[in-house]
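Engineer: Dock chain B against the given chain A, drawing on the hints supplied.
Going line by line, the protein sequences match chains A and B. Quick note on this note's numbering: the first sequence kicks off at 1 and runs consecutively. Quick note on this note's numbering: the second sequence kicks off at 1001 and runs consecutively.
Derived from the structure by calculation, the hints contain no laboratory data. Take the hints with a grain of salt, since some may be wrong.
Taking CB as the label site, the calculated pair distances span [stated by the list, open to error]:
{"#": "1", "chain 1": "A", "residue 1": "Arg108", "chain 2": "B", "residue 2": "Asp1228", "range": "39 to 47 Å"}
{"#": "2", "chain 1": "A", "residue 1": "Phe283", "chain 2": "B", "residue 2": "Leu1130", "range": "42 to 50 Å"}
{"#": "3", "chain 1": "A", "residue 1": "Phe190", "chain 2": "B", "residue 2": "Leu1130", "range": "37 to 45 Å"}
A virtual CB, placed ideally from N, CA and C, is assigned to each residue, including glycine.
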Amino acid sequence: MADFLQTLMTALAIGSLYALIALGYTMVYGVLKFINFAHSDIVVLGAWLSYSFAIRALPLVGLDAHNPATPPPIWMTAGIFVAVLLLCSLAGFLIERLAYRPLRRAPRLNVLITAIGVSLLLQNVGQLDFVFGASPQKMPALLPNWELPIQFGQGESIRYVVLPLIDCIIFAVSGLLMLALELLIFRTKFGTALRAVSFNTDFAALMGIPVDRAISLTFMLGSALAGAAGFLYVLKFPSMNQPAHSVWVLLGLKAFVAAVVGGIGNIRGAVLGGFIIAFVEQFGAYYISSNYRDVYVFSLLILILLIKPTGLLGSPVREKV
Amino acid sequence: MALLDIENLSVSYGSIRALRGISLKVEPGEIVTLIGGNGAGKSTTLRTISGLLSPQEGQILFEGKPIASKSPHAIAANRLIHVPEGRGIFANLTVEENLRLGAYCRKDTHEIRQDYEHALELFPRVKERLWQLAGTLSGGEQQMVAIARALLARPKLLMLDEPSLGLAPQIVQLIFQVIRKINAGGTTILLVEQNANLALQVAHRAYVLEVGKIEMSGPAAELANSDDIRKAYLGGH
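Looking at chain A on its own, in the form it has when it is part of the complex (with noise of 0.2 Å):
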């Protein structure tokens, strides 16, 4: 039950950050039906700026940068959450601009192949000296330490679970934000206007919806919330592998399996497809043996293309003639 429970906790935690990684993905495909493999390197992005900012950030409140004795006052920590936010959203912006827009009209291969191009620059520029560097790095902590432990048993048998602050943060931050943007697509008319364009550009544009200003606001948003990943990722995981490491890879990699599990093109599959990838990897690791936990998670990606090769909410619309 307490082991049960733990891996729950760090299941929920861990899905949420594929939730958000995936949204990035679908929404993409959403609108212009191809695989942007350069989102994972705005995940990467917004974790090297969340290491960067507080290294500096630090200082100015007395503490050390790189081992600070007591966390910054939440201010700083949320301050340092919105520059990512913001920095990122800006990033996934100038890409779209100059990389994908020119290729509007192109055979979409071309956009897929330019992706992948970006995502290459992405991650050298990033190992450059002046901007992130190609070692390792150690993130400060930016929250306090809490945990909350949990008791089991009597006597003999008394076990602990612990249950780490960083977790429910990341679990209700990352909710908060699916939450807005769950209302955003389905509750507002900018949203409106958004499903309506990832239908039919032409036909949207024929609704007056300015088609460029909505694809760049997809990225954005998309963007944003892999900053947030990011940020949230080297909170909880504070050894930071250098920009290029194949450890952030997968992790894009897993993401976009999310996505495609819960049907890509699908904001909600994207969410259930985060969790339910989280869920398999952690309970798999724990129960028969973590040597193993890539091999769940496609295993998995397998077992539903074989199935449902549309992913557990994707459904393709079908007009009527």
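Structural biologist: Frame of chain A, contents of chain B only:
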């Protein structure tokens, strides 16, 4: 001044010239129809006017101002509204959301409300389906949604591309009655149709398009009686 004035318009798809210098005018309050066979360039004409295609040559004046270089959303914001061939329904949205998008560019909430009620009065069947996904409607119902949605933009010029396509004869009758009503309410209409018979009955003036050129034009009643037209398009003898 004509509401829409097209001069010497040429459009190509790659090396294929779809329109070869066509000129046409639509005066305020008219129903003008553009008829012709498959591949004559009817849809291309509408797609060029609404900005989805850009012309190689010629100019398009709407209310006296050139619009040929404008983006489609800016043209729609000027209330030149195009109901495309195949109806252009957003199958993934509800009927109600589809209708709301018709008024996307408008801010006058009160008038939108009125136009919304009015559009539903014209198509009572749409009213029963407001919460359904538009993709689940029949073809006729989708056409009604498409026209109702276009009306929510308060069009100065309404361009309809083959509204009769694939619909049962009774539904076609109903749609054309509504087209008359909309026009009687003061909306100018440019109608593209393969069903020349029907189009000439409802229109004031007509243009006959053949492989990218205007072959004939004049009052609809005259063209309906012309021998050439009857032979070519009306199945007459």
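Engineer: All hints, please: hold or fail.
Structural biologist: To see whether the hints hold, each was checked on the structure:
1. Arg108/A - Asp1228/B: 39 to 47 Å: This hint holds: roughly 46 Å between Cβ atoms.
2. Phe283/A - Leu1130/B: 42 to 50 Å: Between Phe283/A and Leu1130/B, where Cβ atoms are some 44 Å apart, the hint holds.
3. Phe190/A - Leu1130/B: 37 to 45 Å: For Leu1130/B against Phe190/A, whose Cβ atoms are near 21 Å apart, the range 37 to 45 Å is violated.
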